[in-house]
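Enquirer: Top line first, the protein sequences correspond to chains A and B.
Residue numbers for the first sequence follow full-length UniProt numbering, beginning at 1 and rising by one.
Residue numbers for the second sequence follow full-length UniProt numbering, beginning at 1 and rising by one.
Treat each hint with caution, since some may be false.
Stated by the list, open to error - A partial selection of chain A residues facing chain B, derived with a Cβ cut-off under 8 angstroms: (1) Pro8; (2) Val12; (3) Arg111; (4) Val149; (5) Ala194.
Hints were generated in silico from the structure; no laboratory data involved.
A virtual CB, placed ideally from N, CA and C, is assigned to each residue, including glycine.
Here's the letter readout for the chains.
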Amino acid sequence: MTLGLHLPGDSVIHRLPVGWKIGCLLLASTGLFLVSDPAWLALALAGVAILVIVARIPPSVMARQMAPALVILAILVAVQAIFASGREALELGLRFGALLPLACLVTFTSRVSDMIEFIERITAPLARIGFDPAAVALALTLAIRFIPVLFQLMTEIRDAQRARGLERSPLAFFAPLLIRTLKMAHEVSEAIEARGDPAPPDGPAGRSRANRK
Amino acid sequence: MIELRDVSHAFDGRMILHDVHLRLDQRRIGVVGANGSGKSTFARLLNGLLVPTQGRVLVDGLDTRTDGKAVRRAVGFVFQNPDSQIVFPIVSEDLAFGLKPLRLPRAELDARIDAALRRYGMERYRDHPCHHLSGGEKQLLALSSVLIMEPRHVILDEPTTLLDLRNRNRVVEALGDLPQRIIVVSHDLDLFRDFDRVIVFDGGRIVADDDPAPALAHYVSLMS
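With the rest of the complex left out, here is chain A (with noise of 0.2 angstroms):
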């Protein structure tokens, strides 16, 4: 499972700065939906793939990557050319298959730990409202680090439920991963405090949790 995440690289696109590159995504992603004529959006199109060869992304992660949201796309393309015309089931195609492989562009080519400041930094003047950027960082990174630990415990768990013949039970297999979810939480919340507590205020350590077995 590779996630979209960061492809290591040294083109013209990866060391553009993080910002730079949401900033045109944001751009593109709005012009494609003011644009409609199918001659434009092809044109789109190309030129995001031509931004995949500078960037160097091999077509076969890239394609990998796609996957799933092309098939959901290819519904949505039959649905409209059923329901609607060919013209708009065109247009959905070129918009989104343009649109998509930028996305995952601009997440091949930026670290994680470059997006979470990106975050950190246009969320920073919300703090004076009582909302803490740090934290909400934190929060986005882990739920990317821990999406492929929840799916080996999902994997480990169904194969555990299957041994004891018990794959057709709903509550055999979700009533473990909850509970085992949960101890990975408190366990992650102990090894950030452990690690340095970048994220919450300044205070006495562990008074919170004295009485804490």
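Assemble chain B onto chain A, guided by the hints.
Expert: Coordinates of chain B only, in the frame set by chain A:
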């Protein structure tokens, strides 16, 4: 030096640790005990993850109750399951995580990351997704992420439990080379053969505190 003065700890009205009074001034200290004997609670008290319900824990003169952040800078903690300790998806990003509050210049940050990776021959994993590492490599990354903070003491809670023999040996070898004071909680008795001191817990109390051979013999007789 780490010092526990008349430390007791209770959870839900149940005593987990009773009257522990210790000075930990040797370089390699092992902690053993049956499941539920209080050894993991003991380990968590040493870097302020837990604050004792009675008594004081002092790390180089700092009280874990009032100087928690400074204590955690001085005492690194490696957990049993590295998956719970690795926060960022990419190896180099995870190593950089603990250094974030120091706001180091990029060049110094990279130099520290490179040095940490070189220590265990993991340079090629710099931009690798953490979830692609083997169990032993993950544990070495977890250890590196602690060592990069340059703590004076390192606590390890069952660091070899989830590892196969080859990875266990890699981690043991890594521990042997550390200049810091290390305190290891483990059921892996072989790990403690060359240690300076072994403390045995039973029912929340210290029942033996000696050189490895007599302490481990006491533990084995306790378990049989």
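Enquirer: Have a go at the valine 149(A) hint: is there a Cβ in chain B nearer than 8 angstroms to its own Cβ?
Expert: holds, 5 angstroms
Enquirer: Double-check alanine 194(A) for me: the hint is only fine if its C-beta lies closer than 8 angstroms to a C-beta in chain B.
Expert: holds, 4 angstroms
Enquirer: Verify the interface restraint on valine 12(A): the C-beta must sit less than 8 angstroms from at least one C-beta of chain B.
Expert: violated, 18 angstroms
Enquirer: Would the stated hint for arginine 111(A) survive a check requiring a Cβ distance to chain B of less than 8 angstroms?
Expert: holds, 6 angstroms
Enquirer: Checking hints one by one. Is proline 8(A) an interface residue toward chain B, by the C-beta closer than 8 angstroms rule?
Expert: holds, 4 angstroms
The earlier numbered hint that this structure contradicts is number 2, and it is the only one.
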